[in-house]
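Peer 1: Protein chains in written order, with this note's numbering: chain R, 3 to 555; chain H, 623 to 739.
These aren't lab readings, by the way, just hints derived from the structure by calculation.
It is possible that some hints are incorrect.
[Said to hold, decoys possible] Not everything, but these chain R residues come out facing chain H in the computed CB check (under 10 Å): (1) Asp36; (2) Met49; (3) His52; (4) Arg71; (5) Glu224; (6) Ser316; (7) Asp318; (8) Phe321; (9) Gln323; (10) Ala507; (11) His510; (12) Asp511.
[Claimed, not checked] So these bits of chain H aren't anywhere near chain R, every CB distance computed over 12 Å: (13) Gly645; (14) Val647; (15) Thr657.
The C-beta atom is built at its ideal place from N, Cα and C for all residues, glycine as well.
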Amino acid sequence: MYQYDAYDKTLVTERADQFRGQVSRRLDGGIAEDEFKPLRLQNGLYMQLHAYMLRVAIPYGLLSSTQLRRLAHIARRYDKGYGHFTTRQNIQYNWPALTDVPAILAELAEVEMHAIQTSGNCIRNVTSDPYAGVAKDEIEDPRPYCEIIRQWSTFHPEFAALPRKFKIAVTGAVDDRAAIAVHDIGLRLVRNDAGEVGFEVRVGGGLGRTPILAPTIRPFLEKKHLLSYLEAILRVYNRFGRRDNKHKARIKIQVKAVGAERFAELVEAEWQRTKESALELDEAEIARMQAYFVPPPYQNLTNGDTRVAAGLLSKDRSFSQWVERNVVEHKVPGYAIVALSLKSSERPPGDVTAAQMDAVADLADRYSFGLIRTTYRQNLVFSDVRTKDLPALHRELVALDLATPNVGTVTDIISCPGLDYCNLANARSISVAAAISERFTSLDHVYGLGDVTVNISGCINACGHHHTGNIGILGIDKQGVEHYQLMLGGSADNQASLGGVLGRALTHDEIAPAVERVLARYLEVRESAAELFLDCYRRLGAAPFKEAVYGAD
Amino acid sequence: MGFGMPKHSETQTVLTANRTEDGSVVYLGVDRRWTRDLQEGCRLKADDQEAVLDWAKTQEREVCDPYVIDVVVDDGRLSPRTARERIRAEGPDATLARLGYAVSPVAPAALSRAAQG
Numbered sequence: 003m004y005q006y007d008a009y010d011k012t013l014v015t016e017r018a019d020q021f022r023g024q025v026s027r028r029l030d031g032g033i034a035e036d037e038f039k040p041l042r043l044q045n046g047l048y049m050q051l052h053a054y055m056l057r058v059a060i061p062y063g064l065l066s067s068t069q070l071r072r073l074a075h076i077a078r079r080y081d082k083g084y085g086h087f088t089t090r091q092n093i094q095y096n097w098p099a100l101t102d103v104p105a106i107l108a109e110l111a112e113v114e115m116h117a118i119q120t121s122g123n124c125i126r127n128v129t130s131d132p133y134a135g136v137a138k139d140e141i142e143d144p145r146p147y148c149e150i151i152r153q154w155s156t157f158h159p160e161f162a163a164l165p166r167k168f169k170i171a172v173t174g175a176v177d178d179r180a181a182i183a184v185h186d187i188g189l190r191l192v193r194n195d196a197g198e199v200g201f202e203v204r205v206g207g208g209l210g211r212t213p214i215l216a217p218t219i220r221p222f223l224e225k226k227h228l229l230s231y232l233e234a235i236l237r238v239y240n241r242f243g244r245r246d247n248k249h250k251a252r253i254k255i256q257v258k259a260v261g262a263e264r265f266a267e268l269v270e271a272e273w274q275r276t277k278e279s280a281l282e283l284d285e286a287e288i289a290r291m292q293a294y295f296v297p298p299p300y301q302n303l304t305n306g307d308t309r310v311a312a313g314l315l316s317k318d319r320s321f322s323q324w325v326e327r328n329v330v331e332h333k334v335p336g337y338a339i340v341a342l343s344l345k346s347s348e349r350p351p352g353d354v355t356a357a358q359m360d361a362v363a364d365l366a367d368r369y370s371f372g373l374i375r376t377t378y379r380q381n382l383v384f385s386d387v388r389t390k391d392l393p394a395l396h397r398e399l400v401a402l403d404l405a406t407p408n409v410g411t412v413t414d415i416i417s418c419p420g421l422d423y424c425n426l427a428n429a430r431s432i433s434v435a436a437a438i439s440e441r442f443t444s445l446d447h448v449y450g451l452g453d454v455t456v457n458i459s460g461c462i463n464a465c466g467h468h469h470t471g472n473i474g475i476l477g478i479d480k481q482g483v484e485h486y487q488l489m490l491g492g493s494a495d496n497q498a499s500l501g502g503v504l505g506r507a508l509t510h511d512e513i514a515p516a517v518e519r520v521l522a523r524y525l526e527v528r529e530s531a532a533e534l535f536l537d538c539y540r541r542l543g544a545a546p547f548k549e550a551v552y553g554a555d
Numbered sequence: 623m624g625f626g627m628p629k630h631s632e633t634q635t636v637l638t639a640n641r642t643e644d645g646s647v648v649y650l651g652v653d654r655r656w657t658r659d660l661q662e663g664c665r666l667k668a669d670d671q672e673a674v675l676d677w678a679k680t681q682e683r684e685v686c687d688p689y690v691i692d693v694v695v696d697d698g699r700l701s702p703r704t705a706r707e708r709i710r711a712e713g714p715d716a717t718l719a720r721l722g723y724a725v726s727p728v729a730p731a732a733l734s735r736a737a738q739g
């Protein structure tokens, strides 16, 4: 992974020192709250319902075991013993005292971490494929480009005060596991007819109150032009994006207003100014960055070590279920990608305790070259586990309650913190996720439903990506009472789509039974077990599911 | 400016904010002291709300973003009218306890500070 150089170290250390002074002045009365708020937001510090919330950046979801141990220490020392992994692959602490935040930032800086640009109208943490570098369907590892973008965008003076926040996702694989269609900029490494690898550039996607799938404005961009082209996009947005209305200020509104074709023309025109500049990435610079992401020292494993023993799979049902749902094929024979489910019935989705973080860090050292990935779907990943180590790893994860064999199933729920924590939320999300999970405790039933995504947001800001859940749930406020809209048909994968509202909003007690009825109807109307819920919905439309939830008209 | 109990009123209001130092939820109590306990919150007279709120806004070294909330009084006990304010008053404990968390845990650093006074 990338190692900080002297510039990086100076930058995060000085930022921590600077914030210490700002906090001190705030508490002494030297700075008013209106003046302090933008300063704390630039350091990822929000005021939520019950406490401050600190969002720590995990660039493209990649962590070392040392960093994870430090996150555990922070959870234990300064918070309430747990953290929450988000859909942007970051971690949030829900209870830090303002007086402790400078110390937290200093502790983060020691392990090459920070909370810079995790809030505010700037370029946020770049997200990526959690299987980057190890996926079998990968064209090229996206992480070197993510790191290049991270360095370019960190403290970029021209883009420190954009009309609104700005999110970039990069994938290098055929299957989109980074939800690039719903980002301000979505980049996909592709191969052109000449066999060269470059970027497909999509711009103007997003969720929130105006969900839009990003159109492609350039099917192929040479890698050397990555930064100059991104700079051109940001300049067009920065100059013409709306600043008069917060709800119309994202780039998606601008792209939609002028049309993707016209927007592309504006970018191309601007690009002529940035194209031939110091922003051009030469091969040496790309190679320098790629050197940080070379494959770990894999063993040359023999045939006997490349497969999970069939006897073990048939003998141990719990293990075989886990292999089936949580283990993914690796590009190197004898290795596997392992998802650690953070979706047990014991915790809110994405939450992990300090003890679990420490234990995961130890397991990463023993089984996966000391690296951990965080995922868009709020799970963790060990990217490089020897297949022959899977039984031992499984036993250890079971003991940690991190082996729920439910990845990609109805209980692998994305959920924002919702009204239990969030100042913006209208309704609780965590309790809805729990209520749904409680209705699907039989793994046979869960597996019978096949792959299905359930995404829950406590408000229209859509941190839980409800629009792209096969089943999406949106919390709304009706005269002070929590209600929920049920949406069906969303997807964030290659055939991304936005879910449609099924009918009238439901109460907190009604929403989980409604999800159960939708899936029961799916089992009745699907063509075969091979037809996934999403495909079934796309074939039949909303009518049978609407009838299942609301009854016949 | 008065903090007395309004007579014959169905709608009651209380002033709330978040404490600057740690973000915790507080309510304006008697003698203009901030309290963590909603039950100790002073019920505001309608005529006084604006003046009390203006005063609270001058207290930003101690609290942030003060505002007035509606509460229902039942047998002398105050209950917020909205789900949001109920959760602010009670914390996320109901949800978290159900999921097995120890409720109302206090961060070790905060405990240490409290012990040191």
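Peer 1: Taking the numbered hints from earlier one at a time, note which ones the structure violates and give those numbers from smallest to largest.
Peer 2: 4, 5, 6, 7, 8, 9, 10, 12, 13, 14
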